[in-house]
Every structure is written in C-alpha cells, then in structure tokens.
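Turn these sequences into a full structure, and let the hints steer you where they fit.
Under full-length UniProt numbering, the first residue of the sequence shown carries the number 1, and numbering increases by one thereafter.
Hints are computed from structural coordinates only; laboratory data are not their basis. Small disclaimer: the values here were computed from a predicted structure and weren't measured. Glycine included, every Cβ here is placed at the ideal spot set by N, Cα and C. All clues given are correct.
Dumping the calculated EDC-like pairs for lysine to aspartate or glutamate here, alpha-carbon to alpha-carbon at most 20 Å: (1) K226 - D59; (2) K98 - D156; (3) K144 - D199; (4) K187 - D156; (5) K67 - E230; (6) K218 - E230; (7) K194 - E174; (8) K97 - D59; (9) K218 - E63; (10) K194 - D184.
Have a look at the derived ranges for each label pair, beta carbon to beta carbon: (11) R100 - L222: 16 to 26 Å; (12) F54 - N95: 15 to 25 Å; (13) D156 - M103: 14 to 24 Å; (14) D184 - S79: 10 to 20 Å; (15) G27 - Q145: 41 to 51 Å.
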Amino acid sequence: MPQLHQESDLLAEHISDHVLVARASSGDAIAFETIVRRHNQALFRAAHSIVADFAIAQDILQEAYIKAFTHLDSFQQKSTLKTWLTRIVINTALNVKKSRERMKTTSHDTVVDLNLYSEVNMSLKNDNGVQQKPDQLAEQEQIKQLLQDEIYQLSDKYRTVFILREVEQYSVAETAESLNISQDSVKTRTLRAKSMLRDKLSRKLEPFMQELFQFAGKNCDLITQKVLTELHQSGYLNSPK
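If you want it as structure tokens, here you go:
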C-alpha cells in the first residue's frame with residue numbers, strides 16, 4: 001500500500017482527471033486511489049454540509065464513491081469529474097437525510113448557542129472599539145469551532161452553497177451544476193449566507209475559512225482504503241501483477 005500511495009501522489013500532480021477516469025475504467029487501482037485522494041476534501045465537505053454529522057458524512061462519501069466508480073461509463077465528460085462526483089455525493093447525502101428525517105433520528109453534531117456570538121464579538125474589540133487579532137483573544141481552534149457552528153446554523157440551501165463557494169472555492173458554474181440550480185441562485189444564496197454570517201461573526205475570522213472541516217491524514221487514508229478494498233472485492237480492480 002505505501003508504494004501505491006507514493007505512485008498516486010506523483011500521478012495527482014501530472015495527470016488530468018479525464019486520463020485518470022480512462023485508466024480507472026480499465027481497473028487501474030492507482031487511478032482510483034488518485035481520484036479519491038484528489039477529491040476527498042471537497043466531497044467530504046459537500047456531504048457534511050448536508051448531514052452535519054462527521055461519521056455519516058464519511059459513510060455517504062464511501063457510498064458515493066462506490067456508486068461513481070461502478071458506473072464510470074455514465075460519466076460523459078460534459079462536466080468536470082469534480083462536479084460529477086459532487087452531484088453524486090449531494091444526491092446521496094440528500095437521500096440519507098430524508099431517510100433519517102422520516103425515521104426521526106436526525107442528529108446535529110455542531111450546535112452552539114447563538115448568544116455566544118455577542119460575547120465573542122465584544123471580545124474582539126479593545127476599549128477603543130478597534131478590532132484585535134484573533135490570536136490575542138482566543139485559541140485558533142476555538143475560533144474555528146465557533147465559525148463552523150455558526151455556518152451550521154444556516155438553512156440547508158444557504159449552507160451547502162456557502163461551503164462549496166467560500167470554503168471549497170468551487171466556481172459559480174461548478175456550484176450551480178453540482179446543486180442543479182441556476183448561477184443567479186448561487187450568487188444570491190452566497191451573498192445572503194455571507195451577510196447572515198457577518199451579522200454574527202467578526203470579519204477577522206475569514207482568514208481561517210480554508211482550515212474548516214479538514215478531511216486528510218488518517219481520515220483520507222481510511223476512506224481510500226475502504227473504497228479500494230470494496231472495488232477489489234467486487235472485481236472492478238485489476239489483480240496486482
């Protein structure tokens with residue numbers, strides 16, 4: 001497995017998604033792993049933005065990968081691989097959420113009292129009302145957690161658009177295609193989401209945006225191994241030579 005990981009790291013920098021899809025279609029395990037590692041972060045954030053539960057988002061991600069990899073022939077390359085995979089993840093997540101709501105077993109793992117905002121907002125200002133640096137007032141992880149909590153207070157239609165556009169840096173077109181909505185809707189929802197968050201959080205928190213909802217290291221390795229194992233057991237991967 002270490003050799004596979006090393007080779008896929010090299011592939012990730014030099015080979016396009018379309019080439020990787022072609023190789024994966026022929027059962028190339030390295031191509032499968034490279035696709036997973038390349039898109040894990042964005043797809044996990046998309047799933048988590050809908051279900052707001054880390055473990056369930058992982059399950060959704062794995063299920064979506066299996067759906068995608070066992071139906072690669074349906075990828076017609078009219079869109080990017082990222083948006084195609086994102087659509088699958090979002091549809092899977094929405095189905096899971098609907099099922100959980102029907103069973104009345106929904107959960108939310110990042111809930112915070114919104115009254116905390118007023119305390120944080122006041123603490124971010126000195127006696128002269130001038131904004132201070134966040135690291136002078138609180139640990140970075142605490143600030144990130146507060147921001148994540150406030151994002152998950154947004155309604156579904158704003159939260160997912162915000163995650164894709166502002167956290168994961170999808171383009172307007174990619175976000176619209178991923179969510180099957182108009183580009184105008186993407187722009188409107190993004191602006192509305194940012195406006196609502198600005199009402200609750202200091203703009204000094206924005207530099208931490210790219211560090212939210214990390215999905216790397218052991219988590220990335222685990223989901224990658226699970227997907228490759230299931231694909232191998234299902235006969236979609238070539239046997240090692």
